[in-house]
Amino acid sequence: MSGLRRWLAPAVLLLVVLAAVETYLRLASVPDYIFPQPSAVLAELVRTLPNLASHALTTVAETVIGLLIGACAGGALAMLIILSKTVERALYPLIIATQMVPVFAIAPLLVVWFGYGIWSKAATAALLVFFPVVVGMVDGLRSPTEDQRDLLRSLRANRWQTLRLLELPASIPAFFSGLKVGVTLGVVGATIGEWIGAQRGLGHVMVQANALLKLERVFAAIALLTVVGLLLFGLVRIIEKRVLARRG
Amino acid sequence: MRSSLTLTSICKSFPTPRGRMAVLDSVSLNVGAGGWTSLVGPSGCGKTTLAKIASGILSADAGRVLIGGEDAAHPAAVAYMPQHDTLFPWRSAIENAILSADVDGRSRAEARTEARHLFARFGLSGFEDQRPSTLSGGMRQRVALARTFLAHRDILVLDEPFGALDALTRAGLQRWLSDVWMELEHTVLFITHDVEEAVLLSDRIAVSSPLPGRIRTETRVELPRPRSRVSPEVTSIRAALMESLAEGAIS
Amino acid sequence: MIQIQTRWGGWIAAVGCVILSLCAAGETIQVMLDFQLNANHLPLVVAVERELFAAAGLDIELLVPTSASDPAKLAAAGVVEIALTPQINYMIARDAGLPVTAVGALIAEPLGGLLTLEGQGIASLSELAGGKIGYSLEPLEPILWRTMLEASGVDPSTVDLVHVGMNTIAALLTGQVDAIGAFRNVEVFHVEQRGFAPVFFPQEEYGVPQTMEVIFIAGDRTIEEDMGALSRFFTALREAMVWIQAVPGEAEALFFEAHPELGTDVEHRSLLATLPLLSADLRLGATDSWQVLQAYLAEHELIELEGDDVVWFTERFLSDAAPR
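Chains as they are written, first to last, in this note's numbering: chain A, 1 to 248; chain B, 1 to 251; chain C, 1 to 324.
Looking at chain A on its own, in the form it has when it is part of the complex (with noise of 0.2 Å):
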């Protein structure tokens, strides 16, 4: 019970935002071409169940691939960044700056390198799953003591040694840190990922519907979208806690 109890606040926080929107949005008579009403989007979404949900497991399946991506290469990156200092001074702006880089700006790359299907989504998404990655598992990466160094050292560990028997574990906690803010951004990336060109996906939903003006969809599109984020984001917890318990 200690489970679904968990679960009531947020969802009576929820649902008092939602009633009081609905309020807000009849009393001051938002037309639903402008804001659609809670009310409407919930009965879009019980309507068209079944056709969102497919449609959200192919938003899942980009960003959990472009998670696995984003998370690999954010860590080789980190690793190469905390074993050379010329290597992370020349690195380092450069990721920074490929956070700069709009979607629509590099869409045609990403489409001549992957085409329309399912990896140009992952790729949008692991753009912005391994930035936090990388951040979070460096700041881990160097969060050994100095006497912790000063132990390997007399023991006369080399670089690799040090990395894999201290660097690498200390990182861990930070590195889970990281991607927990990257799942949430990866979700977003794929999700940016299908406006560049998809046949499917809860993004492509949302275009077309606006295109249709139908924004009660829209706003069922993103609701199971927020639901997609949640979900991914307590997957992530979930690992997280299994490996921080065996590894102590």
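Just so you know, these hints were derived from the structure itself, not from any lab. Please note that a few of the clues may not be correct.
Claimed, not checked - Rough simulated footprint, nothing fancy, chain C against chain A, three-plus residues with beta-carbon under 8 Å: (1) 26 to 36; (2) 106 to 117; (3) 192 to 206; (4) 210 to 218.
From the three backbone atoms N, C-alpha and C, an ideal C-beta is built for every residue, glycine too.
Got chain A sorted already, so can you dock chains B and C onto it with the hints?
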């Protein structure tokens, strides 16, 4: 037979925003093979720096470190125990203890077996698979000491191993360490700010002055072990050393 | 004392300027474009630059939308007075219940169709069977292109319609698709500029009903509350159209002088191609062409409105006489 540790005219200075600061000024110290020398001094007089130089972690600006009469080169001949318990939180107690086996490339299984025996001797039986966070301060120090012994080096450099512990735990561990050392006969360089502790444990005590660190006095302690902190000999040696320390502080 | 005087003096001057500018300005009309500013908007730019709007007492602001449905939404909400949008998009918006009405036409001809490259060996649409068509606007474009395929005797299910996002040119030129949905006055020239030979199939020649590519719409409340501004707007626009037809070369020069950032080779040729397509009288066509389009959209389930009683447009702001 264990090796001796000799430090000759060690000088060390560090760059600071205000210019170079001399931390060690021609410090010479000798620990006979299988002997126990304590270095006593006020905080911040360079004792840790000397410990690191002796362990090969830092290099001196001048002077030599001799092990068994020969220049200390590489293979690490010294097992160093840093000031703060540096157990890796993600390793269990026994995994922390066998860290040196992982670095040296020795068999983990053999190291574990040896560690288990040592744990039994150290009163840590049953705690092998516990994470450091579940162990008390005293137990963590014992695990760290086990790790130091399990490094299979002749010489141990222990930097204030009991500094962070309460008086009761400290007293217990002092006696226990003394017993262990008498059995295993390592060459020990022991850093401490606690004069009484030095008198209880050492063959020789070197007193260092405040920065820049120099050896003010060296005293032999030839009392039989185990020693009692309330015995008159211990008390008088302790008093003499305290005086020496006080003089050093004023001058 | 002096400091306080200066501070208050500054405020008074500022307020005074605002009041004066409000008095000096005419009525403000915000016009939301259908896209980023481009050659299609030549008459608007001319009317602004030649101060035809200003002479009519109108202060015109041209706004760029963030998405294709913005013009209809914001006009319906009264946030903008006038918006530009394709006829089909307008009909879909009306069908969704938005209180907007078409009030004039900027380009009363269709501009769309299918574009392929000469080297592909596609001389007629029937050769697209088994191929791929790239498009950017869901869900409208697939319907149009399928109609064109059917009209050429191709079974649409044998053709892969791929959503390729906004950059359709890249998809075509890199060979990802065999043809793309395109505008005859835009992508055709992009393709030529890169050294390829375009082959264009106009949509109206392949079974797609006649549509007006860019029309003006206004919110119903804007229309109700209008005090003559809309008529003056269209009068000024018609003057611009007359001038453009008289001296097209000067019109071209004026456009690119006002917007040098648009001065690309493609844009120049696009403008020249658009000139004959502009609707000089701004009229919205005969009612039955709307009925035909309505039936087509209903058949393809883009709208639900049926029947002859739908009033799609009004031309009352287009006459030379006084409004209302």
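Each hint, compared with the structure:
1. 26 to 36: Satisfied; 4 residues make the cut.
2. 106 to 117: Holds: 6 residues of the segment 106 to 117 of chain A have a Cβ under 8 Å from chain C.
3. 192 to 206: holds (count 6)
4. 210 to 218: holds (count 5)
Of the hints listed earlier, there is not a single one the structure fails to meet.
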